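*Asks:* Residue strings, one per chain:
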Amino acid sequence: MAARAIWKGELKIGTQKLPVKLYSAVEDTSVRFHILDGSKRNRVKQRMVQPESGEEVETKDIRKGYEIEPGKFVILDDEELEKLKPAPTRDIEVSGFIPIKAIPQQFYERPYFLGPDGDQRDYFALARALENQQTEGIAHWVMRNKAYSGALGAQDGYLVLSTLRNAGQVIAADELPKPDGHAPTKKEIEMAKHLVSMLEGEFDPADYKDEYRERVLEFIAKKAKGHAPRLAAVKTKRTTTSLDSVLAKSIAALKKGKHAA
Amino acid sequence: MRPFWSGTITFGLVSVPVNLFPATRTTRTSLRMLGPDGEPLARRYYAEKTGKDLEAEEMVRGYEIDNGKFVTVSDEELERLAPEKTRDINLTRFVKEDAIPPVYFERGYFLTPAGNSEKAYRLLAEAMKERKDVGIATFVMRGKERVVAIFSDHGLLRAETMRFPDEVRSVKAVGLPEKKDVPAAVVRKFESLIKKKAKRTFSPEKDQQTVELLKLVKRKQSKASNVVELKDYRRDKEPEPVDLIQVLKRSLAGKR
Amino acid sequence: MAKRGFLQPWWLEVGTEICPVCDHMYPYETEYRCKKCDGPVCSTCLEPTRKVCTPCSHDNDDSEDSIDIEFEV
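These protein sequence lines are chains A, B and C, in that order. Under our numbering, think of the first position of the first sequence as 1, with each following residue one higher. Under our numbering, think of the first position of the second sequence as 1001, with each following residue one higher. Under our numbering, think of the first position of the third sequence as 2001, with each following residue one higher.
Where hints are given, some of them may not hold.
Derived PhoX-like pairs (lysine-lysine); straight-line CA-CA distance at most 25 Å [what the hints assert, rightly or not]: (1) C:Lys2051 to A:Lys40; (2) A:Lys193 to A:Lys255; (3) A:Lys83 to A:Lys64; (4) C:Lys2051 to B:Lys1069.
Since the hints were derived computationally from the structure, they do not count as laboratory data. These numbers come from a predicted model, not from an experiment.
Here chain A stands alone, though its shape is the one from the complex (with noise of 0.2 Å):
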């Protein structure tokens, strides 16, 4: 069955316009709770109280503020708020080209697929150009009262636009000290890289199955029955070794085990 689109808008890159559709690119299958009552357990409610006497403020009596030191606060009324979002549109404005490896892997927020909404041949041969010249648009756009910026790419002849991080939200590594302590030695170094190195292989994402998620369901679909199993406590042991004599271990039961296999 096909998706329902969540969007449209218009490309728009230099002169040329082309109207999308924008689909979700992921699907969200985590097992999904909801925070009960425990003793009756039906769903919570929230409400905003005066935190000294415990009363409820209706929301059209809550005012927002923002606080500009401590107890003084700046209040915002609806008014104001609604001037601050942005105007709606469904133009996508692409601003410049970028090559492919350009954007750090941290940006990339979340993928949508676009599809054509009428004109297939200006879609197709956008995307066309685009892994021909291994470059990705920068997007800009107005959806969900929200101003977002994006990577325009093209994945298997189709339109990719995933959403950007900004500028404040990826923690660089740099920005952080490096970890104190001693530094490995040499001779440590390189038997680690053998190590990883008797470790390294392909990426196939097939090689990955949420098993986690149908022993979550089945517990409670038993516990649902009334046959909730008994589940053991986890214990987990540790034993302290020198590094040396572990990674020694480690390489040696690798080997051994690419000689049995």
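Fit chains B and C to the supplied structure of chain A, relying on the hints for placement.
*Replies:* Below, chains B and C alone, put in the same frame as chain A:
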């Protein structure tokens, strides 16, 4: 802020106890909700039928089986369902960094050494850096199984959670039309547009909406427009906003 | 508010994300995505049967023609 999660990276027989912290944060500012006299309000959970406030220990999580009926599931039960995976990050394979398409990545977390694992931690980071590898590992965190790609990044280990293959939709599943051949001239039209608008590098952008909000706040502050000042305001009663960078720096310096 | 000494479960913590509907903060792992607009929403703002966010729940038309340019809050 206590660590988000703690566990042990295991590869071969090597163990590296670590703490996990988010590597991304929101830039949106959360506005305080205030009552009619400007007093900061608190959020409370309550039971709909009785109208009574609920304390943390009175709340549980549950899974909906029929309309409105729930089966409760505790955090401990969730842990016990994955005994081998709940505290161990099993590093079983190393792949080249560009082997993983960006569509799989979800969110990043920094790993910091816990216990006395600095040496083993640095060893793993250095070995991966020199081999130009990322490590693929699995573990269970907050009731969900995760596959992560562990990057060696400026001496630190950064784990990016990945989506499972069945969480990434295929073109067929979405229902996109079959690919069509297109005239070379049309492709060239777009290629020349691309070349005309080519840029060399990527510059991350500012959160413009927050920038505008802060400008508005500043304007109103200078005009003393609708500013509320509370006497007897006790900051200690409110939850402190977390400065993630400070928390990470403290954790890396070995302080708790 | 929890009694002293009781460690709050992670799903009751303030969290790192802000819900665009109610403006409250919530932990990232409790986030839902609206089935209609794919927007993030906290668990209390999720309409449970159709799994949509509060604003989308007011729109009963599921056809693509109803895809609003605006997101009414």
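*Asks:* Evaluate each hint against the coordinates.
*Replies:* Going through the hints against the structure:
1. The suggested pairing of Lys2051 (chain C) with Lys40 (chain A) holds, with an alpha-carbon distance near 23 Å, which does not exceed 25 Å.
2. Under the criterion of a C-alpha separation no larger than 25 Å, the hint pairing Lys193 (chain A) with Lys255 (chain A) is consistent with the structure, at around 15 Å.
3. A threshold of 25 Å between alpha carbons decides the hint, and for Lys83 (chain A) with Lys64 (chain A) the separation of about 15 Å falls inside it, so the pair holds.
4. With a C-alpha separation of about 16 Å, the suggested pairing of Lys2051 (chain C) with Lys1069 (chain B) holds against the 25 Å cut-off.
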